[in-house]
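Construct all of the structure, not just a fragment, from the sequences and the given hints.
Chain by chain, the residues run as shown.
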Amino acid sequence: MTDTGAVVGVVAVSLATAVVGSRGLRVSRTRDDFLVAARQVPSGLNAAAISGEYLSAASFLGVAGLAMADGVGALWYAVGYAAGYLVLLAVVAAPLRRFGAYTIPDFAEGRLDSPMLRKVATGFVLVICGFYLLPQMEGAGVTLQVAFGGPYWVGVVVLGVVVTGAIASGGMKGITFVQSFEFWLKLVAIALPALALVAVFHHPSLDAVTGKAPAVFERATTVRFAEQTGIRVTVPVRVVIHGYVDGTAHDATPPASVELTPGVHHVGAGTSISFPAGSAAPTPTSGVLTNRQWLSPLLLLGGRSIHPLAATYGIILATFLGALGLPHILVRFYTNPDGQTARRTTAIVVMLLSCFYVWPALLALLGRIEAPGLYLSKATDTVVLVLPRLAVGGVGERILSALVAGGAFAAFLSTSSGLLIATAGALSHDILAGGVKAFRLSALGAGLVVTVAGLAVRGSSINVLVGWAFAVAASSFCPLLILGIWWSRLTRRGALAGLLLGGGSASGAVISAMAGAATTGWPAILVQVPAIWTVPLAFAAMIVVSLLTPRSLPSDVMGKLRALHLPEALRQPGLSDP
Amino acid sequence: MILWVVLAAAVAGLAGVGAYALWAPRRLVTPGQRGSYEALSIANQAAPALRSGMSAEAIGRALGPLRSLLATSGVIVGDETGVIASDGVEAKNCDLLGAAVRSVMDQGRPVLLSGDDLRCDHLAGRGLNTGVAVPLQVDQKVVGALIAVDSSAPPGLLRLCGEVAKFVSTQLELAELDLSRRRAVQAELQFLRAQISPHFVYNALTAIESFVRTDPDRARELLVSFAEFTRYSFASHAQYTNLAEELRLVDIYLELERARFGSKLGVTLKVAPEVLSVRVPSLVLQPVVENAVRHGIEPKGAGSIKIEAVDSGAAALISVEDDGAGVDARRVASALAGKSASVGLHNVDERLRATFGDGHGLVIETAPGAGTKVSFSVPKFRSHAPRSGSGYAKLAAQ
Chain A
1 MTDTGAVVGV VAVSLATAVV GSRGLRVSRT RDDFLVAARQ VPSGLNAAAI SGEYLSAASF
61 LGVAGLAMAD GVGALWYAVG YAAGYLVLLA VVAAPLRRFG AYTIPDFAEG RLDSPMLRKV
121 ATGFVLVICG FYLLPQMEGA GVTLQVAFGG PYWVGVVVLG VVVTGAIASG GMKGITFVQS
181 FEFWLKLVAI ALPALALVAV FHHPSLDAVT GKAPAVFERA TTVRFAEQTG IRVTVPVRVV
241 IHGYVDGTAH DATPPASVEL TPGVHHVGAG TSISFPAGSA APTPTSGVLT NRQWLSPLLL
301 LGGRSIHPLA ATYGIILATF LGALGLPHIL VRFYTNPDGQ TARRTTAIVV MLLSCFYVWP
361 ALLALLGRIE APGLYLSKAT DTVVLVLPRL AVGGVGERIL SALVAGGAFA AFLSTSSGLL
421 IATAGALSHD ILAGGVKAFR LSALGAGLVV TVAGLAVRGS SINVLVGWAF AVAASSFCPL
481 LILGIWWSRL TRRGALAGLL LGGGSASGAV ISAMAGAATT GWPAILVQVP AIWTVPLAFA
541 AMIVVSLLTP RSLPSDVMGK LRALHLPEAL RQPGLSDP
Chain B
1001 MILWVVLAAA VAGLAGVGAY ALWAPRRLVT PGQRGSYEAL SIANQAAPAL RSGMSAEAIG
1061 RALGPLRSLL ATSGVIVGDE TGVIASDGVE AKNCDLLGAA VRSVMDQGRP VLLSGDDLRC
1121 DHLAGRGLNT GVAVPLQVDQ KVVGALIAVD SSAPPGLLRL CGEVAKFVST QLELAELDLS
1181 RRRAVQAELQ FLRAQISPHF VYNALTAIES FVRTDPDRAR ELLVSFAEFT RYSFASHAQY
1241 TNLAEELRLV DIYLELERAR FGSKLGVTLK VAPEVLSVRV PSLVLQPVVE NAVRHGIEPK
1301 GAGSIKIEAV DSGAAALISV EDDGAGVDAR RVASALAGKS ASVGLHNVDE RLRATFGDGH
1361 GLVIETAPGA GTKVSFSVPK FRSHAPRSGS GYAKLAAQ
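Chains as they are written, first to last, in the working numbering: chain A, 1 to 578; chain B, 1001 to 1398.
Hints should not be assumed to be uniformly reliable.
[Stated by the list, open to error] Once the Cα atoms are required to be at most 25 Å apart in a straight line, the calculated DMTMM-like pairs of lysine to aspartate or glutamate come out as:
#1 B/1270 to A/33
#2 B/1373 to A/33
#3 B/1270 to B/1298
[To be verified] A short list of chain A residues far from chain B (calculated; beta carbon distances all over 12 Å):
#4 188
#5 268
#6 296
#7 377
#8 397
#9 448
[Claimed, not checked] Reference listing, derived: stretches of chain B covered by chain A, where coverage requires no fewer than 3 residues with Cβ under 8 Å from a Cβ of chain A:
#10 1039-1051
#11 1244-1250
#12 1262-1270
#13 1274-1288
#14 1303-1316
Note that these hints are calculated values from the structure, not bench results. Please read these numbers as outputs of a predicted model, since none were measured by experiment. Beta carbons: idealized from backbone N, C-alpha and C, even for Gly.
Here is the structure:
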């Protein structure tokens, strides 16, 4: 079931990235382009680069997938991903650029004069990058699985090798151009198929969502059940089965069609069932929401209604505040020449992201109506990839699947390269204290670890994993940045206490959630949306410990706050250099 | 289950951090150690303020810690103009204290103050009728006086006060030292600005002159460039600028050199846009390019220069390469050591090292006939450059 369109898409994106990446330096030989080459990057280009680096597998595949599975409440993730930049814009963008910090450990050390704090911050950079890289790997695995039909590990290894190779060989030179190119690619790759689908589906009847007719397979569809599943059939249907249903083996050649009678059937793991076009789709006996639940505006954790309001607030806290603390995003802001342009760039980022997130929401809705088979195979994360195939045939299908596969691959490439560069930078600069060679070694090592770990996270929701990375960032770096920029009484010990306590408890909660602890009631909320308690905890720890330890106040706090807040033009020469 | 483990770990962590923050001093065992710890940590709180010199604002910030060091009701510091700051007591309007300060400064040695000297309403009203006044000296010169007042003056107070005054004096001397070092650095920069070489001025003007009749428009443009170049070079602008600005100056400079060399001077610029915002000390790039023109291209009469600025994680790598005459390595070494007539490179090297540390000086690769490559790296962020505490960063304070 190799899909040539998708192969072309993935290969084209990789090649285009390599070309843009290696030729991303501005070269001039004549007088006129000397000035062009020496000109600062305009805000629009930089904003597209930031958005490009930001829109990861979670945005491209995860939001639509999770919204399809867990209901429109999951769109809070999309809202938060975009709104995080609003917080960034209002609170930290300009001051941080004026301060000149290149990374968060830079800021921690520069603002609080503490090498110890720098080390702890570096540790959290690694933790956050790790949590964030895993879903990218998973996304690549899933995408290539859908596109080429191979095993899951192929995609993980391909992405790991491509990204690690590009960075370790120093091939990613013009990173600003690469990332902005990939933003536009992703936008086109998700918007165009969504528009085409809306057109092709002839304004699909909303009855499927509002609750009258059962979902229908528009075309002949084969559903592969990865695990043992119970399905409820409402209308008798003749299907072709490969595998086990209700304990009976079906592997006759040539395949004979079998009638599934109304009622509950148990399908064995690894079974595939082919449904004819126009048949009503069965529903899994567990895990699929009723339409009423699906339309609930609050977040349903894993599709179940566990204190939905608390879960929603948890995600809002994590995503609104987490964007501040993402290690690979801050680095991009450095390309702005001053605080004012940093602010303008952020405003454009908010707009670009808002333009993007319309489409996953639309695709989730279309997926619920048109791709009921994904509920059966529990592969809702692939909805963006699968929809174009269900809807259109022929050349159109090829083009659209090339587009979505290419766009998805661009999403993994850009985000994971940004994250891997941040990881390798932190490792080589702060831990190995080495130069270019150490950077390459770190990139290789980190790439290897992440690839292996990526094989292990198969089956988790991409979006939930990314949400966890945001939760750790929101509970560690967000309080450090906000209080560091806006509060003169923050002390070294206060910052250290908040960072360790907030970041540590969030990481602990996330790890226990991954290990499968606490799946019901309040404990589930506390471990699965940890931001709801770890963010206030981190802020409280920073404030209380700072007030208790006025003696560990860093020197020249006012000078540093001046460097953060005074516009460059008003500042005395050199003051910006902490 | 795991949830409880995590919660327990979080609570334990909170307790540990709290304990560390609150009880660190009390872990010291003997009273002597504890005493030293407390005295030194209070003194260290006063030090940063004192290091910025003898201003009312700085002394005011330092007086709180100094008073807890002395453990008296009030502390006052004055100079020849009278009282400049006080802590614990209201002394601004007390002329008698101003007189006491002046008399201590005149005598240059500690003086015990009695009720007569302290008959201000505020002091007398609180029963603070004894005090000790000691002079503050910087470089053997009395610059002010420190006065401690209390209801009774135990015999040891005079000696304690003397020690505190010595500590304050030392810090003020260090402040003075910082200031003179800053002046030296600034003088060096001004010197570099005045270093637009007569050689260059002569060449540029000759080149412009050659166009006056044949191509008056070009001559006019060149004159504008020349004016702009001199303005930028002489202007007392910020100590720091960004790489984009430096490249602009290089462009103007090369425009003038192109007028002279015509098509015999080729220039290639290769820049990663990410590094254009990197902050560098001003006037570091142009002298390096000028060096390439003068010692590389000029002897050969033709050649090309390649200027590169690329991103390398936490630093930007900048290099200027020419395919000109090249120089003997020993001459380069002596030029960098400041022992030859070519001051430009030496000065740039010095300032880069002073700003970013010894790892960031100029690296020169050259041999006779093989061209020259001068490169250096600039960190994107500098939290505490080795000598910035006294050098460039604090120039700002002026």
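Each hint tested on the structure:
1. Annotation: proposed proximity of residue 1270 of chain B to residue 33 of chain A holds, straight-line Cα distance about 11 Å (limit 25 Å).
2. Pair hint residue 1373 of chain B plus residue 33 of chain A holds up; C-alpha atoms about 23 Å apart against a cutoff of 25 Å.
3. For the hint linking residue 1270 of chain B to residue 1298 of chain B, the alpha-carbon distance of about 23 Å falls within 25 Å, and the restraint holds.
4. Listed as a non-interface residue, residue 188 of chain A keeps its Cβ farther than 12 Å from every Cβ of chain B; the least gap is roughly 24 Å.
5. Taking the minimum C-beta to C-beta distance to chain B, about 31 Å, the non-interface status of residue 268 of chain A holds against the 12 Å cut.
6. Every Cβ of chain B is farther than 12 Å from the Cβ of residue 296 of chain A; the closest lies at roughly 26 Å, confirming the non-interface assignment.
7. Against chain B, the non-interface label of residue 377 of chain A holds: every CB pair exceeds 12 Å, the least being about 30 Å.
8. For residue 397 of chain A, the requirement that its beta carbon stay farther than 12 Å from each beta carbon of chain B is met, with the minimum near 39 Å.
9. Every Cβ of chain B is farther than 12 Å from the Cβ of residue 448 of chain A; the closest lies at roughly 19 Å, confirming the non-interface assignment.
10. Here the segment 1039-1051 of chain B counts 3 residues with a CB under 8 Å from a CB of chain A, which clears the bar of 3, and the coverage holds.
11. Counting residues of the segment 1244-1250 of chain B whose CB lies closer than 8 Å to any CB of chain A gives 3, so the stated coverage by that chain holds, three being the minimum.
12. Note: the segment 1262-1270 of chain B has 5 residues with beta-carbon separation from chain A under 8 Å; the three-residue rule is met and the coverage holds.
13. For the segment 1274-1288 of chain B, the stated coverage by chain A holds: 4 residues have a C-beta nearer than 8 Å to a C-beta of that chain, and at least 3 were required.
14. Closer than 8 Å: that is the beta-carbon criterion, and the segment 1303-1316 of chain B has 5 residues meeting it against chain A, so the requirement of 3 holds.
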